[in-house]
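Colleague: Sequence positions in the sequence shown follow the UniProt record's numbering and run 1 to 93.
Please keep in mind that the hints were generated in silico from the structure rather than gathered at the bench. All C-beta atoms in this analysis are idealised placements derived from N, C-alpha and C, irrespective of residue type, glycine included. Heads up, some of the hints might be wrong.
DEER-style ranges, computed between Cβ atoms [said to hold, decoys possible]:
#1 Phe32 / Arg92: 18 to 26 angstroms
#2 Ser85 / Ser41: 17 to 25 angstroms
#3 Ser29 / Thr62: 35 to 43 angstroms
#4 Tyr4 / Arg34: 43 to 51 angstroms
#5 Ile76 / Thr2: 14 to 22 angstroms
#6 Ala14 / Ile42: 14 to 22 angstroms
#7 Tyr88 / Trp63: 27 to 35 angstroms
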Amino acid sequence: MTHYLWYVDIGIAAVQTIIVLLILRNYVSVGFTRIGKILLSISVILLVESILMVTIYYMWSTWGLGMEVAAPTLLITVLNLVAISLLYIISRL
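Please work from the sequences and hints to get the whole structure.
Modeller: Here's what the structure looks like:
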């Protein structure tokens, strides 16, 4: 039986992936400058991290890990989502 917090974790990580894709889209226009290459590289790293989060959370949920693992990862995921959202707001400026 999969704990319901895993579904919340996976959902939030998926939302984070979408936001990182939007950040990447915002930085593509400046991708040919020196700072643009750095921003694009960071965005790609964050995208890979978000995709890995979804994958790892799904694996952990299928392994049957319970709330003792899902609750701390939920806190980390929510904090990560807040940070990514702030980066998205900054990328729109």
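Colleague: Now, for every hint given, state plainly whether the structure supports it.
Modeller: Hints, verified against the model:
1. Phe32 / Arg92: 18 to 26 angstroms: Between Phe32 and Arg92, where Cβ atoms are some 20 angstroms apart, the hint holds.
2. Ser85 / Ser41: 17 to 25 angstroms: With a Cβ separation near 20 angstroms, Ser85 and Ser41 satisfy 17 to 25 angstroms, so the hint holds.
3. Ser29 / Thr62: 35 to 43 angstroms: At roughly 40 angstroms between Cβ atoms, Thr62 and Ser29 fall inside 35 to 43 angstroms, so the hint holds.
4. Tyr4 / Arg34: 43 to 51 angstroms: Since Tyr4 and Arg34 have Cβ atoms about 46 angstroms apart, the given range 43 to 51 angstroms holds.
5. Ile76 / Thr2: 14 to 22 angstroms: With a Cβ separation near 19 angstroms, Ile76 and Thr2 satisfy 14 to 22 angstroms, so the hint holds.
6. Ala14 / Ile42: 14 to 22 angstroms: 20 angstroms, holds
7. Tyr88 / Trp63: 27 to 35 angstroms: Holds - the Cβ-Cβ distance for Tyr88 and Trp63, about 32 angstroms, lies within 27 to 35 angstroms.
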